[in-house]
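Chemist: Chain by chain, the residues:
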Amino acid sequence: MQMPPPVLELRNVSRIFAPSGFRAVDGIDLQVAPGEIVSILGPSGCGKTTTLRMIAGLDNPTGGDVRIANESVLQKPPHLRKVGLVFQSLAIFPHMSVRQNVAFGLRMQRASTAVIEDKVDRILELVQLPPAQFASRQPEQLSGGQLQRVALARTLVTEPALVLFDEPMASLDRRLRDYMAVELRAIQKKLGLAAVYVTHDQETASAMSDRIAIMDSGRIVQVGRPEDVYERPDSRFVAEFLGDANFLKPQAVGGRNGKRRSLQLSGVPIEADDAGQQSNGEPFIMFRPEHVAIRAKQDKGAGLTGVLTGCQFSGGYYRWRVQLTDGQFVVGRTTADPARGEANGGKVWLSINPEHVRLLRQ
Amino acid sequence: MKSIAIGRGGAEAAAIKLLTIILLLVLLSPIVMVVAMSFTAGETLQFPPPGLSLRWYAEIWSMLAGDDAGSSRLGESLAMSLVIAAAAALTCLAAGLPASYALVRFRFRGRGVIDELLGLPVVFPTVVLGIALLVLVSMSGLDLGLVPIVVAHAIIGLPFMMRNIIVALQGTDPKLEEAARTLGASPVRAFFEVILPLIRGGIASGMLLVFILSFNEFTLSYFLYTIDVFPLPIWLFQLGNTSFSPAIFAASALIVFLNIGVILLVDTLVGNRGAAV
Amino acid sequence: MTSIADNMIAADLPAIRASPKVQGASQWKVAALLFPASLLIGLLLVCSLAVLRISFGERHAEWSEWSLGSYQALLDGYYLRILADTIWLALLSAVATTMLSFPIALFMTRTASQAARRLVLICILLPMLVSVLVQSFGWMAILGPSGFLSQALGFLTNSERPVSLLFNRTGILLGLIQTAAPLAVLPIVASLRTIPIQLEEAAAVLGASRWRVYRHIILPLAWPGIASGAILVFGFNTGAFVVPLLLGGMKVTTIAVVIRDQMGAILNWPMGATLSLMLILLALGVQAMHRIIAPGRTARRVG
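Chains as they are written, first to last, in the working numbering: chain A, 49 to 410; chain B, 330 to 606; chain C, 6 to 308.
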């Protein structure tokens with residue numbers, strides 16, 4: 049069976065701003081398959097919004113090609129691209145009612161009044177803004193979450209081939225954002241939409257997307273399923289951007305067995321996956337805090353020893369810090385209190401799940 | 330602010346307030362005097378008026394619609410002034426709207442220079458503009474008429490029109506236009522569907538300002554009027570030259586009322602917009 | 006606070022916020038958008054060039070012959086005196102207007118009542134917006150021999166002799182000050198608004214009297230606004246035409262009135278054009294000075 053062609057394909061796309069020569073986007077490749085949400089995740093200024101604007105046609109690449117449904121769209125102005133965009137500021141037309149906002153795109157397509165009426169009603173139901181109650185409201189009568197839904201409905205109602213999201217939930221508070229993310233994901237699945245979701249918030253990105261593309265300084269540095277990117281980052285930047293991580297220096301790096309490397313940490317042999325970076329930089333190992341177990345007594349498999357130097361309860365789990373015998377610190381996260389009964393400063397034994405240790409280079 | 334600032338209360342504040350009231354009375358005195366003298370019962374500008382009456386308004390009314398309507402040409406001049414003011418406002422809109430849009434939305438080379446040039450009509454001496462236009466028209470062999478006077482008024486009105494539109498445009502999010510574009514609107518459609526409705530207030534106040542400036546403009550009209558294009562200020566000036574009677578003040582008072590009405594209208598338009606910010 | 010004043014006065018367009026679009030729009034599109042406005046502004050430039058050409062022309066052969074005659078005449082004294090006189094009147098009016106505007110500006114900045122501020126603002130704008138011709142008629146009624154001022158002065162000094170300020174410099178000056186007042190008040194308000202009250206309080210805590218607070222804190226900080234207002238009034242009044250025409254009679258004239266006479270009755274176009282050129286140069290000089298001094302403008306432009 050043949051793979052369907054990607055909905056969106058970026059080929060070596062660049063955007064260099066004159067006159068400074070600043071490379072906002074520096075040769076990126078990305079594909080979005082039908083029914084797939086890909087998040088572009090990165091710190092502000094990494095070029096993710098510029099990328100989105102180039103896909104929508106609001107900005108033009110200085111190099112490369114943007115292809116939608118296997119066809120280059122570089123020559124097409126935004127209104128002919130059939131790409132929906134949900135803006136960060138939402139850009140709800142303030143002088144139009146909810147119905148008029150949502151109907152706008154259909155009106156531009158010269159749909160008949162009856163069709164517009166029908167489609168608007170249905171999409172408003174879908175985003176849980178019952179038309180009887182909301183259709184005639186003005187934007188200033190809506191809450192932030194409701195405006196969000198209007199923006200979504202307005203974009204979806206035109207049935208775009210591809211929907212772009214430019215951090216539309218950045219202004220919502222955490223709880224509402226999580227709720228909307230779940231809901232948006234459900235709608236996307238239901239309609240089988242292909243989408244690109246730009247954000248700097250890794251939790252939203254993980255929750256929302258089939259794949260995440262991490263962007264840094266105009267380049268995509270890693271693409272993959274959220275779990276994979278989280279567990280197996282290819283660089284320190286990715287590891288740090290996606291959450292808490294321990295970065296430790298091994299004493300020695302031994303031989304290779306496939307992707308596995310054996311090495312020594314604080315005098316104890318452990319194994320790690322080699323990320324295979326093309327760098328001659330100093331090697332270090334990386335693992336997430338939740339992959340370290342801590343014991344108050346010696347146990348088999350728990351070879352690393354250290355001293356508990358700090359522990360705090362942070363809602364649902366304990367965050368603690370241990371200084372290894374070689375002086376390096378390990379941060380861990382457990383649901384049980386590691387200090388149970390013992391005062392800080394007590395000797396502890398650690399075991400790191402070898403599946404989750406990565407060998408990276410500076 | 331609830332707290333009373335050091336030294337700002339009491340005597341100092343009262344003195345400033347009193348001074349302000351006195352100064353405002355002086356500033357408004359000519360306008361007040363025009364209105365006051367328009368109600369005089371006397372034949373001259375004797376102050377205080379010997380009595381109050383509406384006789385001079387009656388005289389103006391007879392010039393406008395009564396027996397003297399034919400000979401006085403007041404109605405004709407009024408109509409001409411209204412036509413010129415409306416035409417000047419429309420001209421300013423046609424020239425100012427696209428230019429304001431370009432200045433607000435685009436960065437381009439020479440924008441600073443164009444910005445400066447567009448401010449030029451404010452400082453340019455109107456006498457010189459009027460005379461130079463007169464000379465140019467006569468040199469080109471054309472006849473004076475409605476067009477030169479409208480163009481002259483439009484030139485000095487343009488910066489005021491553009492100020493209003495630019496302020497309004499700056500209050501609209503460029504993202505709204507982009508949203509319209511991604512929803513399938515062409516650039517022109519996006520402007521008319523989204524931007525234009527949002528800057529209506531600015532356009533209206535700009536047009537009203539230009540209208541009132543043109544309606545009141547004396548200097549330019551003084552050089553460019555003809556027998557057929559004879560605006561109200563010129564009519565009033567000539568009346569003042571022939572017989573300086575309180576009738577002039579009745580006509581002037583009517584102009585003052587019209588002016589104040591338009592100013593209050595603009596203030597409401599702009600004030601509402603300001604309150605929303 | 007947006008107000009009608011913001012859209013009305015000040016000699017320049019509002020500073021234009023840098024557009025978020027870094028991408029240069031196609032030059033043709035921008036040119037097309039600017040085209041209608043540039044026709045109007047272009048005509049203004051053509052007018053200036055015509056004035057320049059005629060000023061070097063021969064009387065009655067303004068477009069064909071060249072002559073420096075009117076410039077020589079300018080230096081002869083009569084015109085220079087009127088030029089100096091006009092500038093002097095404008096200068097006096099600028100100083101007086103600025104001084105009188107200061108208390109009003111203080112009131113507008115300090116009053117806690119929105120309604121009062123708005124009322125004062127409209128009162129301030131009326132002299133600017135109501136027909137100057139009509140207001141000059143009002144001044145004639147005030148200043149005339151049987152007018153309000155004459156009667157009031159007669160009553161106060163108990164003299165029967167009517168005093169007329171009409172057709173002399175005092176009358177013109179009054180008219181110039183009154184019609185230009187808004188130009189001074191608004192920039193001063195703008196700069197007073199930028200002075201945080203904490204500065205006054207700090208000075209007071211440090212032992213400064215009210216007089217010293219004004220002298221050392223408020224005046225220096227409001228200075229850009231004061232200077233900007235004075236320059237605007239000066240520029241506005243160098244070209245004054247209606248006020249001197251009506252309140253000056255034949256006795257006191259200004260450059261603008263003389264230009265009218267030269268172009269009209271006397272039919273000496275080159276002389277009129279030369280004087281016009283002087284007015285244009287004055288206006289450009291004023292604009293340049295305002296650029297340098299105007300508060301906030303350059304800052305806003307950058308921001």
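Source of the hints: derived by calculation from the structure; they are not laboratory data.
What you are looking at is a predicted structure, and each value in this text was computed from that prediction instead of being measured.
The C-beta atom is built at its ideal place from N, Cα and C for all residues, glycine as well.
A hint or two may mislead.
[Claimed, not checked] Computed footprint of chain B on chain C; a stretch qualifies when at least three of its residues, placed anywhere within it, have a C-beta under 8 Å from a C-beta of chain B:
#1 52-64
#2 79-85
#3 92-105
#4 121-131
#5 225-234
#6 265-275
#7 278-286
Chemist: Decide, hint by hint, whether the structure agrees.
Modeler: Checked hints:
Residues of the segment 52-64 of chain C with a Cβ under 8 Å from some Cβ of chain B number 5, which satisfies the need for three, so the listed coverage holds. As drawn, the segment 79-85 of chain C meets chain B at 0 residues by the rule of a beta-carbon pair under 8 Å; below three, the given contact is violated. With a cut-off of 8 Å between beta carbons, the segment 92-105 of chain C has 1 residues touching chain B; three or more are needed, and the interface restraint is violated. For a cut-off of 8 Å, the count of residues in the segment 121-131 of chain C with a CB near a CB of chain B stands at 7, and the three-residue condition holds.
Closer than 8 Å: that is the beta-carbon criterion, and the segment 225-234 of chain C has 0 residues meeting it against chain B, so the requirement of 3 is violated. Using a Cβ-Cβ cut-off of 8 Å, 3 residues of the segment 265-275 of chain C lie near chain B, which meets the minimum of three, so the contact claim holds. Note: the segment 278-286 of chain C has 3 residues with beta-carbon separation from chain B under 8 Å; the three-residue rule is met and the coverage holds.
In summary, the structure is inconsistent with hints 2, 3 and 5 from the numbered list given earlier, while agreeing with the others.
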